[in-house]
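Student: Letter by letter, the chains look like this.
There are 2 protein chains.
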Amino acid sequence: MYTGSKWQEKDPVLRDFDEQEILDSVSGALALREQIETVVDEIWDKGFDGIWFMGIGGTYASAMQAEVYMRGRSALPVYAENAAEFVTTGNRRFTPKSVVIMSSVSGETPEMISMAERVHEIGGRVFAFVDTPGSTLTGRNMQEYLITYPKNEQLKFYMVCNYLMYKNGEFDEYEDYCLNMEEYLAQALADTEKEADTWAAGFARRIADQLAERPDMPYYLIASGNQYGAAYSAGMCYWEEQFWIRTRVISCQEFFHGMLEVITRNTPVILYMGEDEQRPLAERVSRFLPKVCENYTIIDTGEFALYGIREEYRGSISHLVMRAVNNRIDAYLELYLRHPRTIRRYYHQFDY
Amino acid sequence: MYTGSKWQEKDPVLRDFDEQEILDSVSGALALREQIETVVDEIWDKGFDGIWFMGIGGTYASAMQAEVYMRGRSALPVYAENAAEFVTTGNRRFTPKSVVIMSSVSGETPEMISMAERVHEIGGRVFAFVDTPGSTLTGRNMQEYLITYPKNEQLKFYMVCNYLMYKNGEFDEYEDYCLNMEEYLAQALADTEKEADTWAAGFARRIADQLAERPDMPYYLIASGNQYGAAYSAGMCYWEEQFWIRTRVISCQEFFHGMLEVITRNTPVILYMGEDEQRPLAERVSRFLPKVCENYTIIDTGEFALYGIREEYRGSISHLVMRAVNNRIDAYLELYLRHPRTIRRYYHQFDY
Chain S
555 MYTGSKWQEK DPVLRDFDEQ EILDSVSGAL ALREQIETVV DEIWDKGFDG
605 IWFMGIGGTY ASAMQAEVYM RGRSALPVYA ENAAEFVTTG NRRFTPKSVV
655 IMSSVSGETP EMISMAERVH EIGGRVFAFV DTPGSTLTGR NMQEYLITYP
705 KNEQLKFYMV CNYLMYKNGE FDEYEDYCLN MEEYLAQALA DTEKEADTWA
755 AGFARRIADQ LAERPDMPYY LIASGNQYGA AYSAGMCYWE EQFWIRTRVI
805 SCQEFFHGML EVITRNTPVI LYMGEDEQRP LAERVSRFLP KVCENYTIID
855 TGEFALYGIR EEYRGSISHL VMRAVNNRID AYLELYLRHP RTIRRYYHQF
905 DY
Chain U
555 MYTGSKWQEK DPVLRDFDEQ EILDSVSGAL ALREQIETVV DEIWDKGFDG
605 IWFMGIGGTY ASAMQAEVYM RGRSALPVYA ENAAEFVTTG NRRFTPKSVV
655 IMSSVSGETP EMISMAERVH EIGGRVFAFV DTPGSTLTGR NMQEYLITYP
705 KNEQLKFYMV CNYLMYKNGE FDEYEDYCLN MEEYLAQALA DTEKEADTWA
755 AGFARRIADQ LAERPDMPYY LIASGNQYGA AYSAGMCYWE EQFWIRTRVI
805 SCQEFFHGML EVITRNTPVI LYMGEDEQRP LAERVSRFLP KVCENYTIID
855 TGEFALYGIR EEYRGSISHL VMRAVNNRID AYLELYLRHP RTIRRYYHQF
905 DY
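First to last, the sequence lines map onto chains S and U.
Residues 555 to 906 in the numbering used here are what the first sequence spells out, letter by letter.
Residues 555 to 906 in the numbering used here are what the second sequence spells out, letter by letter.
Just chain S, with the same shape it has in the complex (with noise of 0.2 Å):
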């Protein structure tokens, strides 16, 4: 007898979990530095009146991770901009001097490769990382500069951030910095999926029962910084389009201007905290939840050990780290809640 009951079935560990592939993807992805460091240096040493990281639904939560980062530590003009505005209010601002970094999972998106085509109209230049080779955009005409290599996309950005701050003289440690990342970061990552295990299996398991009691019920991401972008791709590109979950994404800064007031007791919040400059934001969230919600949960980049990594440098990283644990919960979300991650109701289903 097997009645497929989720009483009678043992809790898995460490599930779709493995570290000899998130060591070798990461380690791969820092091995670019040369390549990126190639690249950023030909863009340098033609001029530029800007730098313009520009994405669509998770490679624009990427760009805005990569402007929060450099906002308060580069004076170069750098901005995020999402593609499909661009294609269809332009950027007056967005000229021949200009680039745009960016990057593409499949190399298909129909709105990046709209968006490359109006930069090159424009006389602009774009820097692409795209995970497919073969791909549209990988053709000759679709860029300038072109880095093939799968994953990795927030890593990639800020390694093309720090080089640009460094040959800014905005970034003496550079050199250490990518040393210890080169050193600690792929185990780092890879120990973070590991210690996150068992706890985001129980989270998942809570959340899947949340949703049968309350199916309507949005998940409310509570984030600052470069936890913002993280909230924002967790909540959009893997809770609303991989598991059909409601969510709410909101800053912190902008949660008590009117969000507050839908939380009482059982609403479910999620405040994702971080160890970079917006941290006090996310503080002042975490302080305020327990006096009015008992169904709040707080995932804090700074439990996590990250062995190696030096203090001063663990904030920059923070968005990764908060990826490897949602990597967690999503791993057993997918389980508990009978949904294999790869179903679409609609996107590539049909045209629209």
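I should point out that these hints are in silico values taken from the structure, not numbers from a laboratory.
For each residue, glycine too, the CB sits at the ideal point set by N, CA and C.
A hint or two may mislead.
[Stated by the list, open to error] A few chain S residues that face chain U, going by a derived Cβ cut-off under 10 Å, partial list only:
#1 622
#2 700
#3 786
#4 795
#5 801
#6 804
#7 817
#8 830
#9 892
On the provided structure of chain S, position chain U as indicated by the hints.
Tutor: Relative to chain S, chain U alone:
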């Protein structure tokens, strides 16, 4: 006998509508033109390396509207920034030659006061619209340029934008535009409320009934261009804050990169359609929605007469038109939800 039931209640007409108050308020704002031009002339003559519309909550929504309005039209360095992030992260591109444009109703918003102080530490200038005379932000050391007049924040910001573009040689029709607005805008907005009233009452009744049935379900507000700020503000500053209704706001372009998957037959979706250059992004959503949802509502500013407003200027006021429609919806929501707009659970109720 009287049960207080909705079945015995006669639907009101033009609830909380004071036409003369609207006409006076909008006309008074438009009459600020000379004051605004004088301030902008001074800012221009002293020179600047950036114009930063900064806000938080509703004023951040207005800042985003100003930025998106100028993005496709002006080569001037105009940005939108969140005041709390500016105070926390800082912005290395903000210099002593940078200027903040801001607005505050109370003149007491803590984040805005901190932001103005921070701007002055850097040596930048502040141009403040403050509704409340005698408030902290009207203090001599809080801004270099002050205009005190209630309401119409979005209109004031756009008046600044228009004159900036005129001075930069990007708005030749400026004089004609202003005269057209001064002659027709106030009445057009009042008339929009009258045109929308009956429909808005029915829509509010339907929302109230749906919420009684599915109180957890968020309302999805989808919008782009100057409508994005309109939806951002309506969803957060009105529905969440004033009515405790759950919302999820998303831009049309991002909707297709994840959020679409949670829309099914009964999901309540409201699409804002304006008449600015990002209308095509909303049109794509309007084609998609009917295929998967029968509980969507499209509010299209194009359906309102706006008598006298020149065709080519309509897009520049679409966000004001949408606010007029929302004023009507909110007036009836207050009644049908039996939820006075002035009450707050938490905001200003205790320290946090």
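Student: Broken hints, numbered, in rising order?
Tutor: 2 and 9
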